[in-house]
Amino acid sequence: MSTTPAHAAPRGHHALLDAAGLRTAIIASFVKLLPQHAFRNPVMAVVWLGTLLAAGLTIAGLTSRGLGWTVTALLLVTVLFANFAEAVAEARGRGQAASLRRARKDLVARRVPSEGYTIAATTIPAADLRVGDLVAISAGELVPADGEIVKGLATINESAVTGESAPVLREAGTDRSGVIGGTKVLSDEIVVRITAEPGHSFLDRMIGLVEGASRQRTPNEIALGLLLLTMTLTFLIVVITLPFLAGFVGATLDPLLLVALLVCLIPTTIGGLLPAIGIAGMNRALAANVLAKSGKAVEVAGDIDVLLLDKTGTITHGDRQATAFHALAGVDPAALREAAMLASLADPTPEGKSIVQLARDPSRAIEEPPHARFVAFTAQTRMSGVDLAGDGTRPRCIRKGASDAIARHVEALGGEVPTELAARVEQVARRGATPLVVADGRHVLGVVELSDVVKHGIKAKFAHMRAMGIRTVMITGDNPLTAAAIAAEAGVDDVVAEARPEDKLARIREEQARGRLVAMVGDGTNDAPALAQADVGLAMNAGTQAAKEAGNMVDLDSDPAKLLEVVEVGKQQLITRGALTTFSLANDVSKYFAILPALFAGAIPSMAALNVMQLSSPANAVVAALVFNAIIIPLLIPLALRGVRFRPSGATALLRRNMLVYGVGGIALPFVAIKLIDLLLAAVFGA
Amino acid sequence: MTEAIVVLLLVIAAGWPLGHYLAAVMRGAPMHGDRVFGVIEKPVYRLLGVDPSEGMTWKAYAAAFLASNAILGVLAWVVFMTQAWLPLNPNGAPNMRWDLALHTAVSFLTNTNQQHYSGQAQLSHLAQMTGIVGLQVVTPMMGLALVVATLRGLFGGRTPPSASAQATVGDVDVGNYWADVVRPSVRVMLPLCLLWSVLLTWQGVPSTLDGGPVATPVDASAGMAAQKIPLGPVAPMVAAKQIGTNGGGWYGPNSAVPLENPTPLSNLLEMVAILLIPVAITFMVGAFTERRRFSALVFGTMLLMSLVSGSAAIWSEGHSATASDIAVMEGKETRFGAGSSALWAAVTTQTSNGSVNAMHDSLAPLTGLVTIANMLVNGIWGGIGCGLQQFIVYLLLGVFLAGLMTGRTPELFGRKIEAHEVKLLAVLVLLQPLVLLGFTAVTLAVPELTGNSNPGFHAISQVFYEFTSAFANNGSGFEGLGDATAWWNLSTTLLLVLGRYPALLIPLAIAASLARKRVTPEGIGTLQVETPTFALTLVAVIVILTLLQFMPILVLGPIADHLALSAP
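Line by line, the protein sequences are chains C and H. Residues in the first sequence are numbered consecutively from 1, following the working numbering. Residues in the second sequence are numbered consecutively from 1001, following the working numbering.
Just chain C, same shape as in the assembly (with noise of 0.2 Å):
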């Protein structure tokens, strides 16, 4: 299986952008200048009025006009670098879109009647595909829709959405059955059934996501940025009353210098970078390979408190192994060999298959008994096996399944069960792993050991998940001696046996009733509800459509552990808002005793005790507090893509930590960058 594993180091995208995205990012700058875009972002839009302000100023003459000029050209580029920033956003979520986009344009489909196709397929561009149409597609061609694979098997390419080269399997009839349109088959001939109509697919909302338009703000964002406009408001006060202040003491404020003041105070590092934040959260999340229906799913899954888990397919490979035979006491092993075998033959499920692989001489082919009838598993007899007519030989029933199943049908047929069967049954499902009860007519042969192998490294995850405060339970539908022991070797913190499929839903609504937010990760369409109850519902894609239109989060890879990486995503892209607002509002400490001490120097000369940076000259300071406020958006652009790096680790550590580099940092950095832009300033131009 060559699934990514999830702790696969972020792919490709080293660069923030290449040339072209650059090209139309720097486009995207002046375009967002537009009012429409503008007033959407109360903050810059007061940076925006302020550059006209100051450009009017200028033309008025009511200041020097060098400096005027410097400063709306300043304020302009503080505008356009918030703009870029948002711009650099979207342009990396559209880049993996576009690509993807150009390749659907003109997708064919090969359309075919039936899976077993015999008449020749008809081709139709994709667009006219409709939900249940069968396509084939083979080796070299592109998958046409989303969909499920009913019939065979193929290796698929599908770097075109989630950016990963490595080849991935796909096959009908397991969890893996989904297929992406535009991804490429590399492999092989499968049948396809769409589940998606054209412009509704995963990639469509995923194209519409990650533009703009369609982005609706979270509602951690909403309550960030009315505290932003709050903060606004509050300087805007500040700057409107002090030259009335200012007045009464004879002096007379520059109002180009008070605009500096007004665009240095409010919180533009983060109000130039909220959208970005927002956006890049989606982003990373789909460098994850994780479609988030909305950033509000991204943003709720950094608060997660207990995740529930599906054993199979999650915590184990799912596709559980015959590992040993165990024959009673007075059986040939050889005869439960060749009964498990002639059982599984055309059993169709891995399980099955690996019966047949583990019985079967390797030396010798599989001869397919003739007169065979082979019975299926049902619900109801929780059996499976074959029917053998005599040729020449007596008739035989040979049947495997679970041991009480087993049981009622040997005692049907008038046969007895071994005491030491129980035992043996026992022994097995104490190690974790799935008795399955061979019978040859009515006498019980042994127990066939199917082992669920626990995944490689999902411990260590759940340590992880641990550390950050959320608690795993892992349920099954094993009995609780299976099920505690694959709890223990997987390290969860809780598990429920024996869970029918609505045990599910009770157990999130139980979990919520005590206030937890509640993380589920399911494939089947039995888990739908569940999926949809939970706060966060991760499904993953190769599942069933009605577990991924459940959901509010899709797997591109199908990896559960994944929501490790979502819940990753959320803190950080909090973490970034919470930072870089305490960096913003801590720099003001720094920006008053650049500006004040100019704002005041001509009319009141004791104020100069207050230019403790030692500034050359009050054309100087202000130019610097406004450079550096400029171009620490820019330099904080890859921080707030890449989101500020978040360690499992106590709440309280994260906060000393982030207090000290964010808050401390953020009130000493600019003193020494306004200083440090002055002395450029003086050396260059003089004081």
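In short, the hints are calculated from the structure, not lab data. Possibly wrong hints are sitting among the right ones.
[As the list claims (entries may be wrong)] Simulated restraints on C-beta separations:
| # | chain 1 | residue 1 | chain 2 | residue 2 | range |
| --- | --- | --- | --- | --- | --- |
| 1 | C | A506 | H | G1038 | 42 to 52 Å |
| 2 | H | V1308 | C | P42 | 34 to 44 Å |
| 3 | C | A376 | H | E1522 | 26 to 36 Å |
| 4 | C | L236 | H | R1097 | 30 to 40 Å |
| 5 | H | V1078 | C | L236 | 35 to 45 Å |
| 6 | H | G1055 | C | T378 | 53 to 63 Å |
| 7 | C | H464 | H | G1038 | 53 to 63 Å |
[As the list claims (entries may be wrong)] No more than 27 Å apart at the CA atoms, straight line, and that leaves these computed lysine-lysine pairs for DSSO-like:
| # | chain 1 | residue 1 | chain 2 | residue 2 |
| --- | --- | --- | --- | --- |
| 8 | C | K184 | C | K293 |
| 9 | H | K1423 | H | K1517 |
| 10 | C | K296 | H | K1042 |
| 11 | C | K455 | C | K296 |
| 12 | H | K1423 | H | K1042 |
| 13 | C | K184 | C | K151 |
| 14 | H | K1517 | C | K296 |
| 15 | H | K1042 | H | K1059 |
| 16 | C | K293 | H | K1517 |
[Stated by the list, open to error] Sample of chain C residues facing chain H (criterion: CB under 10 Å; computed from the structure):
| # | residue |
| --- | --- |
| 17 | G225 |
| 18 | L233 |
| 19 | F248 |
| 20 | Y592 |
| 21 | I667 |
Keep in mind that this is a model prediction, so the values were computed, not measured. Just so you know, even glycine gets a beta-carbon here, dropped at the ideal spot from N, CA and C.
Fit chain H to the supplied structure of chain C, relying on the hints for placement.
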């Protein structure tokens, strides 16, 4: 410095048991003394026609608070305007002008006690004992009631409908307003006032219903043949003014007058009284909410800020460049000296008390800066109830920022702070600079309005101090303003109202909104507010928030004043 330490130790020693007693009183469960106090309380409830056990939603609670204030305010206003015709007026105080009476009524109603009049000359005994002392006793308990209701809301309301953490549909029960006011008034405020009255009377503070004697000045050069010494029931009023973070004195110069503050011991007693209940409330919080560490957070944070601000005031008054001036004793009582005056100035502005034992106008400019900063923060101990209420506002803001930085959407005690709560917080955050800077700018733009005694930077401090004191419901005056004008009376009346009611009601509304949300159990990933790390973050948020908004005016006022005076 010794005095500061003695005051602090006494206050903590007395505040600890008092805080626990307060918690029991506010919890309302059966307790010792029910029979005795019931004798007073039951008739009061009957008179008011209320059932003290009935629960109220936050809206009903707020309505009861506003209604009781409206009625008391109008009564006091009428008494001040008609006192000349009413009994108990031995000194012959005339009726107050309507605007001065309005300002005085609102000032005492809002637990501010800003005085644009001189009590000894302009109020009758009846007015002092009803309109002044009556409000001084009951209004601090209203503040306490509101913060207790807010605390109930923050923890999900009284007797939550079930143990489940699911969101509640309707508004939760935040307590009974009448019980929350009457119980602490009868069981805490009145006994303490009685105790302090006795102690102060013992120290020589007048306690009589007579008008006072006429004395012949010893120093004939004063040019006065005789001087009327106005007396009255001063001790009970001084007790109430200090215990209840009121600050309005019997005499114009407040506790600088020997008749209000005769001895070093009375000075100590009064300073302890100023801090007693505000400090006790920090201990009450833990016992009331059954979270002892919450008390540690509130007490620790406030103590830290108090120590820094107190030390700065004392240092500035004794050692700063402007303190060495010979004029440093102008406006101060020689009996107390610079150190004790600075300590009192710091304490009275930290607690929103507003009584003074020196004229703040005469403090060194940087000491003046400290007093203004204390009132701008208004949550270093703070007024009874209002201080903690303001602290909760800072807590919500601090949690919002700090919560983000721990990677979770912000929550306080397990309840999420979202756009609705931030919107309400924004109103409070915006109101302060809008009102303070707006009114200061308007007043300074029209110099005829100011009535300043000083020109220049000092005048900016005077005007800004007056508005800040009104908005913070502190009540102390920088003095030096001719503030009994219609402009000052009406503008400060508006600020008194804006500084009191939104500050008490908006946090209650926020708490009620939080109470309806589902509670997330605290885990290792959730922000722990009761830690030194968060406490320091909170202090940083408080200081930076205040500093950033008011830096320019503080630079133009006290700091420029300081720079001008210290210039060679």
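Cβ distance range 53 to 63 Å for G1055(H) and T378(C), holds or violated: 59 Å, holds
Y592(C) as chain H interface residue, shortest Cβ-Cβ below 10 Å: Given a least distance of 5 Å, the restraint on Y592(C) holds.
V1078(H) paired with L236(C), Cβ distance criterion 35 to 45 Å: Holds, at about 42 Å.
Satisfaction of hint between K1059(H) and K1042(H), Cα-Cα up to 27 Å: 25 Å, holds
Given pair status - K1042(H), K1423(H), alpha carbons within 27 Å: 41 Å, violated
Restraint check for K296(C) with K1042(H), where alpha carbons must lie at most 27 Å apart: 54 Å, violated
Interface hint status, I667(C) versus chain H (Cβ within 10 Å): Since chain H brings a Cβ to about 9 Å from I667(C), closer than 10 Å, the hint holds.
Straight-line alpha-carbon gap K293(C) to K1517(H), limit 27 Å: Holds, because 25 Å separates the two Cα atoms, which is no more than 27 Å.
Outcome for the supplied range 53 to 63 Å, where the beta carbon pair is H464(C) and G1038(H): At roughly 60 Å between Cβ atoms, G1038(H) and H464(C) fall inside 53 to 63 Å, so the hint holds.
Range hint 42 to 52 Å (beta carbons of A506(C) and G1038(H)) holds or violated: 50 Å, holds
Whether the CB-CB distance between V1308(H) and P42(C) falls inside 34 to 44 Å: 35 Å, holds
Interface hint for F248(C), Cβ within 10 Å of any Cβ on chain H: 4 Å, holds
In terms of the numbered hints stated before, the structure departs from hints 3, 10, 11, 12, listed from lowest to highest.
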